[in-house]
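J.: With these hints in hand, go ahead and build the complete structure from the sequences.
Letter by letter, the chains look like this.
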Amino acid sequence: MKTLDVFQLLFFTGVLIVCSLPLGLYIKKVFCREATLFDFILKPVEKFIYRLMGINADAQMRWTQYAFALLSFNIAGGILLYLLLRLQNLLPLNPGSFSGMSPDLAFNTAISFVTNTNWQAYAGESTLGYLAQMAGLTVQNFLSAATGIAVAIALMRSFSGKESGTIGNFWFDATRSVLWILLPLSLIFSIVFVWQGVPQNFNKPVSIKTLEGVEQSIPQGPVASQEAIKIIGTNGGGFFNANSAHPYENPTPLASFLQVFAILIIPAALCTTFGKMMKDRRHGLVLLGAMLLLFITGVCLVTHFENAGNPEIAKILHRTSVPQMEGKEVRFGIGASSLYSVVTTSASCGAVNSMHDSFTPLSGMILMLNIGIGEIIFGGVGAGFYGIILFALLTVFIAGLMVGRTPEYLGKKIEAFEIKMVMLGVLVIPVLVLILTALSVSIDPGKAGISNPGPHGLSQVLYAYLSASGNNGSAFAGLSANTFFYNLLLGLTMLIGRFGVIIPVIAIAGAIASKKIVPVSNGTFPTTGIMFAGLLTIIILMVGALTFFPVLSLAPVAEHLKMMNGVLY
Amino acid sequence: MLREMKYAFKAILIFTIILGFGYTFFITVFASLLFNRQANGSIISGENGKKGSVLIGQKFTVPRYFHPRPSNAGSKGYDPTASGGSNLAPTNRKLIDNVKSNLEQVLKDNPGFKPEDIPVDAVTSSASGLDPHISIENAKIQAPRVAKARNLDLSVVHYLINNNTDKPLLFVQGEPGVNVLQLNLELDKVSKDISNERR
Amino acid sequence: MKESSKKQKRIFSSELIRPAITASFKKLDPRWMIKNPVMFIVEIGSVLVTYQFLKTMLAGNLNEGLFTLQITLWLWFTVLFSNFAEAMAEGRGKAQADALRKTRTETFAKKKTGEIIEQIPATQLRKDDICICEPGDIIPGDGEVIEGIASVDESAITGESAPVIRESGGDRSAVTGGTKVLSDRIVIRITSNPGETFIDKMIRLVEGAKRQKTPNELALTILLSGLTIVFVIVVATLQPFAIYSGTSVSITSLIALLVCLIPTTIGGLLSAIGIAGIDRVMQHNVLAMSGRSVEASGDVNTLLLDKTGTITLGNRQAVEFIPMPGVEELQLADAAQFSSLPDETPEGRSIVVLAKEKYGLRGRVMQDHEIRFIPFSANTRISGVDYNGRSIRKGAAEAIIKYVQAKNRPIPKELDGVVSGIAQAGGTPLVVVENDKILGAIYLKDVVKGGIKERFDQLRKMGIKTVMITGDNPLTARSIAAEAGVDDFLAEATPESKMKLIRQEQSDGKLVAMAGDGTNDAPALAQADVGLAMHSGTMAAKEAGNMIDLDSNPTKLIEIVEIGKQLLMTRGALTTFSIANDLAKYFAIIPAIFAAAFPELGLLNIMHLHSPQSAIISAVIFNALIIIALIPIALRGVAYLPLKAEALLLRNILIYGVGGIIVPFAGIKLIDIIITGIKLVP
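Residue numbers (this note's numbering), protein chains in the order written: chain U, 1 to 569; chain E, 1 to 199; chain W, 1 to 682.
By construction, these hints were calculated from the structure, which means they are not laboratory data.
One or more hints might be untrue.
[Stated by the list, open to error] Distance condition first, Cα-Cα at most 27 Å in a straight line; then the derived DSS-like pairs of lysine-lysine:
(1) U:516 / W:26
(2) U:2 / U:276
(3) U:279 / W:510
(4) E:100 / U:315
(5) U:43 / E:6
(6) U:420 / U:162
(7) W:35 / W:111
(8) E:189 / U:209
(9) W:510 / U:162
(10) E:192 / E:140
(11) E:100 / U:209
(12) W:500 / W:510
(13) U:420 / W:510
(14) U:204 / E:76
(15) E:59 / U:204
(16) E:50 / E:76
(17) W:413 / W:449
(18) U:209 / U:29
(19) U:209 / E:10
(20) U:204 / E:50
(21) U:447 / E:94
(22) E:140 / E:167
(23) U:2 / E:167
(24) E:6 / U:47
(25) U:562 / E:59
(26) W:449 / W:358
(27) W:644 / U:279
(28) E:140 / E:59
(29) U:209 / E:192
(30) U:43 / U:276
(31) U:276 / U:162
(32) U:420 / W:35
(33) U:562 / E:94
(34) E:59 / E:6
(35) E:59 / U:43
(36) U:516 / W:500
(37) W:127 / W:112
(38) E:140 / U:2
(39) W:35 / W:110
T.: Structure, rendered in structure tokens:
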């Protein structure tokens, strides 16, 4: 890495952390019903929504009720989105006259957007009309993000609760997430993106004749409004196939900078919110510290490997090394592309400004590991927070025993039920990924999608299932995933990867909320210091390394070694 | 149970109205008032109608224009309805073959250069297939050819390259890039002005 | 305690090892193995590899056969070693149980029904039967003395040979079946049915027959099972990945990899650790009614300790004579000594000793006919002596004041100040009066046990709060509390106030431990999270507590807390060690099994192991041997130091975490050198 790269990375991280502090405090106020700047306009809207729905948003829910409300909300959203996608040809606002999606693709896409994955087995500009984009995808971009924030808040609440057994009200949490957090941020970022060049219109595709006289049809649409929530909600589903590499989605280096910033801002802020809710900022800072350590390491490694590039191409250009520019945009270069790739896989975003499939093998491995460890380096909105709490509980359990007490986190004892749920939540991703990847590379419908031969083919399939189960949505996009086989399996993977974590987390919240708080003493395992941050990092890496070591050594590691030896497939 | 489902459907409908329509339309109106050009796709119009979008790359093959990077958008490249990259792996023989043939093309187009002079962006395809930029080095190796084809002074071409280079803001990661469409448009303008003068 | 240190001495002794080896084979029964999911997987793996071995041999593939044979043997060893660890832990309890069982054999009871006395086997006794025990009789069952007093030999249970007194009424009425009456006749009411007696419970406990997984053990088992499931999937999916990559891995290698990855080290030792924890408590002559209570003692936040006998020596000592104005100190000392000569209580003796040491007054020879003792009576609360016209009395201040006032003699106004001064300093004043004239006061002081303050400092470091429970008034209590270094005290304690204190602490989320012996302690013992009942105490107390100290030494609570912590620490340390080991095993096995298809992966063979076969065998051997190597730690527990949690954690992480990463690299390399040296692999 060049010094400038390091400096720019530190600048980015600095801006991110500084901005996340006030936002974190604001989020705390929103959910603790303290006064905020926007109350005067949002409170009436909120009340109106509750009245229309006919609910009492003050009613406290037990974890089972909370989970059921959340599931209903997501099921309803999924059904409506599925219908919208299937029937878009019969509905207005479809200037491209696109036909309805096939059942399997619609199934896959509906699940994809409801689960905050935004895996796209289709190309937006040639498949979806404006109505499906805005009333379907944009809406679910908001709501799936709100679902994630709600779960995170419920979990935080459970730690501060004293033998209450209730964890809040889902409708309240979801509504406030949308109105107070996601909507204001989206408004700001939409306008900024338009300023940078992202289109926002309902025009028909623009037909032009190029200077050399070739016909070119340039698709348009309400891109900026969707772009903003795609990024803020760590959704990642692009308006266009090329996603944030498309000059219309991400026109300038500044836009790219703002996108990576916006992807991480809510997840980073939630750490502060957590610290504030626990009345001890250090609890949040410790999590943030572990995240930053992993994040900066990841960016440095990827930047290094991308700069080192592919020796075969260097040989053709008669040089010792050239940067890996295949699948990258000139305006972003190596630095901004590497940063974006690490950010998008650290968070469960999945937007890309360069094509991960063409990354050097070891960079690809880091991206896969980012997802494989559960996207807890900042992570998805809400999802990253509850993900890292699962690891914190695991760390506390293993390390806490070593101080000779029943492990406790924030004064709550961690016992068999919590560990059972933690194991479920932590292991659902590795288990799903390994089994389905093994299945897919063993049978023809799976192997048919692979576009790159050799070890990289294994990486492509592995990445697809990692992305789906981690609700990331980015891809080694050479894989032809719009087949019945992949639409179905990846759809199910997204579903299990999302709710297979959320439900255990809500169950943990329920169990934690009903526990007493053990006062801190000299004998308490400290969860605020550097040691805990270090242990947490090690446990995260160990779990990731132990589960994925074999398959990674056959895929990216083998590919890297072959590449260095000049082997081509 | 059923009651909760009823709430859920109501909530989805309410939010679809607020977020799907309210939010989107609000941004559309607001954006077209504030940044009308960008909101409508940054389209450049010339005398004979629309010339393209400043953000969307176009394909150029003739010597008098600067050539963009190799593209995988659509079968012929630079098709905005089919954005995307090659997605070729580093160990894929096709990638290496593509780089080799791209290099041959570049060397053929720009005689007098050796492989070690060619910047890597000139032989690799972009992520979107619509990359509007090329690197400054890439523009510089093409400058002699363009100057020759247009009978322009090399320094004029270099001046225009410099004029059409987009740089990232201070501290923000990214690389300077030369906007090919804008550069070519300006070249046409300059050539036209010169021929007008001569006339 | 002497006995217990003897028991602690050796972990591996031949009389324990032999039965343990037998037991390790018996435990191969899958119905037994399935209780331990991790080791059960290893057993299944062993069976599969055995089958592979037979298949290769029948196919006549000698080279492959030799390799598979070695893997087969070491996998079986892995299971056996784990069983052996458990058997060793159980063995120590079994030996104790056998000794206990002997006392239970065929005793007879003299059952009394109305006036009829009949001889029946002890096993036919039921609750509420009345029995008579005479000298030489074995008490037939647990019961309560309802009539008489006797000295009883309880060595069968406590290991203590000195006889104890058991009498009807009060706190010394409980008798235990299997103990022996030495003198006098007592009548007892049986309080438990056969099979439910104390000895039966004890046998069951030490044998571990009734052992249930403790909450924490359960949580850890879930964690280990989860990891096991993941590793099963990691290994099972490796084959399809290998096939996709154009190679394949032998079943033997896959199973070897699986066994190396799943947490066999902790999985194999987990139950041994639990059994050994209870056993360690027992070595301190404490009976834990469940593993749960031992585990809970590690979590204790608050220790309630009785002042007398725990914090202070049981007896007070005279430290000063304080005369009234106009009285010589010597005169007071003389009178005090004189009145205490016949007093055989420790307090009385300490007065004599003080007078002798400080004033040179020697004990006098007294003729019986010249002297009249007035013994202490609960009624007057005064004792004394009449001798040669001197009438000396001593007693509690109020009692003496009443005594003097009754004779219309003056009370010196200074007395009040002296008495309350002593009380404030934590002492007990005794007032001495001669011929109805108050001479002064004796300052009896509670003597805090040596080293107890340091003990409390350690507890504080560990984050445990100590509360002293005393019947003394707050003034006295405060001063003793300060001297002993306890964090808090409960003065003028009643059963109700004790209970209230426990509830209060518990509602703050704290775990409370206490010791007690009386019937009025029973509710508090039951309410406390760890209730240590004294064996000398009442049956009610013993029923209420979840641990019984056979030595009846309440200070043991502190040791029990340490054992509880040690138990949890041992589990945590070995889990960490086990998981950390996996890294080295990956580096050994992964390059080995893909050596043919991806020779480049040889780069990962950072240990430079000799050949793929030797790499796999070395990893498997290491994995098996580490279980044996860690048995002593599992049984003895990891070293416990009274440190702050942070320091303790750092220490254990360095030893078991960092050590867990480094040791296998060295170990596997070493084994590789040895087995290639002796040509076990090509």
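J.: Now tell me if each hint is right for this structure.
T.: Status of each hint after checking the structure:
1. Distance check on the hinted pair: residue 516 of chain U and residue 26 of chain W sit about 44 Å apart at the alpha-carbon level, beyond 27 Å; violated.
2. Of the pairs offered as hints, the one joining residue 2 of chain U and residue 276 of chain U is violated, with about 37 Å between alpha carbons and a cut-off of 27 Å exceeded.
3. Of the pairs offered as hints, the one joining residue 279 of chain U and residue 510 of chain W holds, with about 21 Å between alpha carbons and a cut-off of 27 Å not exceeded.
4. About 10 Å separates the Cα atoms of residue 100 of chain E and residue 315 of chain U, which keeps this hinted pair within 27 Å; it holds.
5. The straight-line distance between the Cα atoms of residue 43 of chain U and residue 6 of chain E is roughly 23 Å, inside the 27 Å bound, and the hint therefore holds.
6. Taking the CA atoms of residue 420 of chain U and residue 162 of chain U, the gap is about 22 Å. The hint holds against a cut of 27 Å.
7. For the hint pairing residue 35 of chain W with residue 111 of chain W, the CA-to-CA distance comes to about 45 Å; that exceeds 27 Å, so the pair is violated.
8. Taking the CA atoms of residue 189 of chain E and residue 209 of chain U, the gap is about 17 Å. The hint holds against a cut of 27 Å.
9. For the given pair, residue 510 of chain W sits about 14 Å from residue 162 of chain U by alpha-carbon distance, which is consistent with the 27 Å threshold.
10. Between residue 192 of chain E and residue 140 of chain E the CA atoms are separated by roughly 22 Å; this keeps the pair inside 27 Å, and the hint holds.
11. Under the criterion of a C-alpha separation no larger than 27 Å, the hint pairing residue 100 of chain E with residue 209 of chain U is inconsistent with the structure, at around 31 Å.
12. For the hint linking residue 500 of chain W to residue 510 of chain W, the alpha-carbon distance of about 14 Å falls within 27 Å, and the restraint holds.
13. Between residue 420 of chain U and residue 510 of chain W the CA atoms are separated by roughly 24 Å; this keeps the pair inside 27 Å, and the hint holds.
14. Pair hint residue 204 of chain U plus residue 76 of chain E holds up; C-alpha atoms about 23 Å apart against a cutoff of 27 Å.
15. Between residue 59 of chain E and residue 204 of chain U the alpha-carbon distance is near 22 Å, which keeps this suggested pair within the 27 Å criterion.
16. For the hint pairing residue 50 of chain E with residue 76 of chain E, the CA-to-CA distance comes to about 21 Å; that is within 27 Å, so the pair holds.
17. A threshold of 27 Å between alpha carbons decides the hint, and for residue 413 of chain W with residue 449 of chain W the separation of about 35 Å lies outside it, so the pair is violated.
18. Pair hint residue 209 of chain U plus residue 29 of chain U does not hold up; C-alpha atoms about 54 Å apart against a cutoff of 27 Å.
19. The hinted pair formed by residue 209 of chain U and residue 10 of chain E fails the criterion: a straight-line CA distance of about 47 Å is larger than 27 Å.
20. Restraint check for residue 204 of chain U and residue 50 of chain E: the C-alpha separation of about 14 Å stays at or below 27 Å, so the hint holds.
21. Straight-line distance between C-alpha atoms of residue 447 of chain U and residue 94 of chain E comes to about 19 Å, which keeps the hinted pair within the 27 Å bound.
22. Only pairs whose Cα atoms come within 27 Å are accepted, and residue 140 of chain E paired with residue 167 of chain E is accepted, the gap being roughly 16 Å.
23. At roughly 18 Å between alpha-carbon atoms, residue 2 of chain U and residue 167 of chain E fall within 27 Å of each other, so this suggested pair holds.
24. The straight-line distance between the Cα atoms of residue 6 of chain E and residue 47 of chain U is roughly 18 Å, inside the 27 Å bound, and the hint therefore holds.
25. As the CA atoms of residue 562 of chain U and residue 59 of chain E are separated by approximately 35 Å, the hinted pair breaks the 27 Å bound.
26. Distance restraint check for residue 449 of chain W and residue 358 of chain W: the Cα-Cα separation of roughly 23 Å lies within the 27 Å cut-off, and the hinted pair is therefore satisfied.
27. The hinted pair formed by residue 644 of chain W and residue 279 of chain U meets the criterion: a straight-line CA distance of about 23 Å does not exceed 27 Å.
28. Annotation: proposed proximity of residue 140 of chain E to residue 59 of chain E holds, straight-line Cα distance about 18 Å (limit 27 Å).
29. Between residue 209 of chain U and residue 192 of chain E the CA atoms are separated by roughly 19 Å; this keeps the pair inside 27 Å, and the hint holds.
30. The suggested pairing of residue 43 of chain U with residue 276 of chain U holds, with an alpha-carbon distance near 23 Å, which does not exceed 27 Å.
31. For a cut-off of 27 Å, the pair hint linking residue 276 of chain U to residue 162 of chain U stands: about 17 Å separates their Cα positions.
32. With a CA separation close to 17 Å, the supplied pair residue 420 of chain U and residue 35 of chain W stays within the 27 Å bound.
33. Using a Cα cut-off of 27 Å, the hinted pair residue 562 of chain U and residue 94 of chain E holds, with the two alpha carbons roughly 16 Å apart.
34. As the CA atoms of residue 59 of chain E and residue 6 of chain E are separated by approximately 53 Å, the hinted pair breaks the 27 Å bound.
35. Of the supplied pair hints, the one linking residue 59 of chain E and residue 43 of chain U is violated, its CA atoms being roughly 53 Å apart against a limit of 27 Å.
36. A hinted pair counts as satisfied when its Cα atoms are at most 27 Å apart, and residue 516 of chain U with residue 500 of chain W qualifies at roughly 18 Å.
37. For the suggested pair residue 127 of chain W and residue 112 of chain W, the alpha carbons sit about 13 Å apart, so the restraint of at most 27 Å is met.
38. About 24 Å separates the Cα atoms of residue 140 of chain E and residue 2 of chain U, which keeps this hinted pair within 27 Å; it holds.
39. In summary, the hint linking residue 35 of chain W to residue 110 of chain W is not supported, as the alpha carbons are separated by about 45 Å, beyond the 27 Å threshold.
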